[in-house]
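Work out the full structure: start from the sequences and follow the hints.
There are 4 protein chains.
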Amino acid sequence: MDAAAHVLCTKGFAGTRLTDVAEHAQLQAPAIYYYFASREDLIEETVFRGVNDLRNHLKRALDALPPGTSPMDQILTAAEVHLRHGLELSDYARASIRNSSQIPERLRARHKKELTAYNRIWKRLMTAAAADGQIRDDVDPKLAQPLILGALNWSAEWWDPRRNSVDTLVANAQVFIRHSLSPAPKPVRRRAKGPVSG
Amino acid sequence: MDAAAHVLCTKGFAGTRLTDVAEHAQLQAPAIYYYFASREDLIEETVFRGVNDLRNHLKRALDALPPGTSPMDQILTAAEVHLRHGLELSDYARASIRNSSQIPERLRARHKKELTAYNRIWKRLMTAAAADGQIRDDVDPKLAQPLILGALNWSAEWWDPRRNSVDTLVANAQVFIRHSLSPAPKPVRRRAKGPVSG
Amino acid sequence: MDAAAHVLCTKGFAGTRLTDVAEHAQLQAPAIYYYFASREDLIEETVFRGVNDLRNHLKRALDALPPGTSPMDQILTAAEVHLRHGLELSDYARASIRNSSQIPERLRARHKKELTAYNRIWKRLMTAAAADGQIRDDVDPKLAQPLILGALNWSAEWWDPRRNSVDTLVANAQVFIRHSLSPAPKPVRRRAKGPVSG
Amino acid sequence: MDAAAHVLCTKGFAGTRLTDVAEHAQLQAPAIYYYFASREDLIEETVFRGVNDLRNHLKRALDALPPGTSPMDQILTAAEVHLRHGLELSDYARASIRNSSQIPERLRARHKKELTAYNRIWKRLMTAAAADGQIRDDVDPKLAQPLILGALNWSAEWWDPRRNSVDTLVANAQVFIRHSLSPAPKPVRRRAKGPVSG
DNA sequence: AATGAATGAGAGTTCATTCAT
DNA sequence: CATGAATGAACTCTCATTCAT
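Just so you know, the sequences run in chain order V, L, B and Y. Residues 1 to 198 (the UniProt record's numbering) are what the first sequence spells out, left to right. Residues 1 to 198 (the UniProt record's numbering) are what the second sequence spells out, left to right. Residues 1 to 198 (the UniProt record's numbering) are what the third sequence spells out, left to right. Residues 1 to 198 (the UniProt record's numbering) are what the fourth sequence spells out, left to right.
Simulated from the structure, these hints should not be mistaken for lab results. Treat the hints loosely; a few may be bogus.
Note that the list lumps identical chains together, so a pair holds whenever it fits in one copy or between two copies.
[Unchecked claim] Straight-line C-alpha distance at most 27 Å; calculated BS3-like pairs for lysine-lysine: (1) Lys11 x Lys59; (2) Lys112 x Lys11; (3) Lys11 x Lys113; (4) Lys59 x Lys142; (5) Lys113 x Lys142.
Dropping the structure here:
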């Protein structure tokens with residue numbers, strides 16, 4: 001029944017009516033109360049599950065990478081997961097992310113915690129990448145991270161499956177991210193040639 | 001009275017109650033009807049003005065650039081305008097952008113048209129930059145553009161003035177964008193030339 | 001300003017909005033309060049004036065009849081006055097009559113009194129006619145009177161000046177009334193012929 | 001629930017508040033929306049049903065008359081039906097008739113059509129009576145018809161069951177109508193024949 | 001496990017009314 | 001004498017929620 005996440009994506013928090021949710025589930029509105037104590041419960045649950053699923057999905061994907069994968073490659077994998085999850089798999093993720101700021105504090109506790117946890121994963125990746133010299137030093141990883149996630153999140157607003165495949169979008173986003181972060185590739189090539197830089 | 005854009009930012013389209021708007025304007029709700037025919041009118045107007053202001057702001061900023069400014073620098077200027085306008089100046093812009101997808105079709109006509117016009121400006125800049133060889137060829141400008149705007153738009157969700165100044169954010173975003181787009185420096189020819197730049 | 005009677009005719013008591021009245025008088029609504037203390041006052045006044053005018057009109061018309069006019073002819077005159085006044089002259093009369101039953105008790109005192117007075121005139125005519133043998137004895141004058149007035153009052157609902165002149169309507173109504181009331185013209189002609197009836 | 005016709009009779013179109021209707025039905029106002037889409041729907045339906053019922057009632061009554069009943073007797077039957085239906089049976093009829101002119105065009109379509117149909121029946125009766133020589137030739141049946149219906153309709157405004165029984169009223173109205181329409185008895189031929197009758 | 005019927009709280013909206021100007 | 005601006009009361013209507021079934 002939780003496919004009521006769908007309505008949340010489209011109408012936003014306040015615009016989500018139980019009637020619509022029920023209709024989407026081919027049910028009558030009161031039937032929802034068999035499964036959830038209240039509208040708020042339903043939304044809280046949905047919104048929580050959004051980030052929760054996404055985080056689990058990301059964890060599994062990162063764990064599945066071969067050991068020794070570079071931080072930058074992990075970041076690019078994370079970006080792919082984030083995009084695909086949001087665009088292909090789950091209304092939940094979209095519901096969670098879009099309504100983040102509209103949901104009253106009261107319902108946000110779990111959601112927020114989960115979101116923090118999700119961001120922590122990204123932070124770890126960014127930090128690792130920075131430590132590894134894979135992030136240019138005129139970019140603050142703490143700011144780059146939300147910029148990246150913003151670019152990815154916003155895709156839900158404009159991406160049109162009839163214009164571009166997810167694959168294309170993922171590829172472009174990855175290039176986009178890699179170069180926005182990567183330092184100029186001086187060292188490797190230059191070192192062989194001569195003492196240009198220290 | 002239009003400072004009711006404020007409520008739109010916080011509560012979203014459906015969550016915007018006339019009572020709240022009125023209270024924010026130190027008025028009683030019915031007083032709104034002296035100026036607007038309906039709630040929908042008020043919102044339509046507000047949301048339209050959001051993009052409209054932003055577009056005018058951007059146009060002025062671009063016109064003020066010295067002739068011969070490179071497309072990439074124009075893009076970076078546009079990014080700065082977009083960020084500063086959304087974060088510092090105007091609830092309207094935020095109201096417009098955040099609620100884009102939640103507003104019923106009926107009210108979106110003008111808003112949509114204005115948004116398209118705004119995007120057209122960006123598109124022109126991107127195309128010029130591409131023609132100038134300032135965009136790497138493994139990035140599709142048509143996709144890069146919304147990724148960039150997404151990164152910028154999303155800032156409204158997370159940016160905390162107490163943590164980072166807008167200046168810092170702008171600087172970071174500009175570096176972020178410049179390198180996400182710029183083609184790799186060509187090492188062979190570059191050796192003799194000097195710093196990377198753009 | 002009292003041409004607000006017009007609105008009363010069309011929209012009824014509860015449907016009469018000060019805005020409409022004011023518009024009809026090429027004024028803004030608050031201007032009404034310069035002349036009347038409240039909406040109710042305006043309506044009360046209007047509705048009173050409706051019957052009052054009508055009654056005065058009728059009195060004058062009856063007084064103008066040559067002495068010795070038969071009760072029946074007086075009734076027919078009254079009918080003509082009633083029709084003409086309602087249809088040609090006065091929104092007031094129509095406003096008064098149509099809304100009689102919809103107006104809350106509180107506002108009806110004067111109106112009711114005036115209406116009673118008006119009916120009393122008719123009653124006097126009917127009684128006189130009955131005493132004069134000009135009303136058939138299988139008709140109760142107390143019931144015939146409101147039937148007649150009903151027929152006349154209702155004309156405001158259906159009469160279309162483009163179809164029938166008031167003159168035609170008046171003529172027909174008079175014939176209609178005369179014969180609905182008059183006894184069969186037996187006595188005069190029969191008495192001469194023989195002892196048919198006692 | 002439709003017993004909300006009651007309120008229409010008393011308060012008129014604009015004065016009919018859902019609260020009152022609901023109270024009369026021992027319900028809360030919003031409950032009305034379970035059965036009707038809007039106030040206007042409820043009123044439209046009610047007002048339509050008013051004439052519709054009346055027309056059906058009349059049709060049945062006329063069909064029940066023995067074949068060969070004279071047109072005049074049919075008219076008198078119709079008058080009885082009209083009176084009894086309006087006064088004894090149905091708030092609906094009264095609601096329909098009283099508010100005829102106050103209801104906005106938008107809601108009148110069906111009601112108007114039905115009313116025309118009802119009038120058509122009367123017209124048929126009047127025409128038949130005229131063709132049969134049962135209507136005096138100094139009365140235009142097209143004008144006599146609304147005069148009669150007016151007399152009957154108006155009864156709702158003044159009839160007081162405590163003063164006169166419906167039976168009395170019906171009897172009087174019938175005499176009233178019969179003679180208002182019937183041609184003068186032709187004295188010459190009549191002498192030999194007997195009572196007037198029709 | 002689900003629904004039809006109903007309700008109470010609260011939303012948008014209308015309107016008479018006020019008041020400074 | 002009249003209006004622009006604003007308000008409070010009241011109305012229609014929506015919606016989450018309940019409850020008997």
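Cross-check of the supplied hints:
no.	hint	result
1	Lys11 x Lys59	neither (30 Å within a copy, 32 Å between copies)
2	Lys112 x Lys11	both (21 Å within a copy, 17 Å between copies)
3	Lys11 x Lys113	both (24 Å within a copy, 21 Å between copies)
4	Lys59 x Lys142	within (21 Å within a copy, 31 Å between copies)
5	Lys113 x Lys142	within (18 Å within a copy, 35 Å between copies)
When held up to the earlier numbered hints, the structure conflicts with hint 1 and nothing else.
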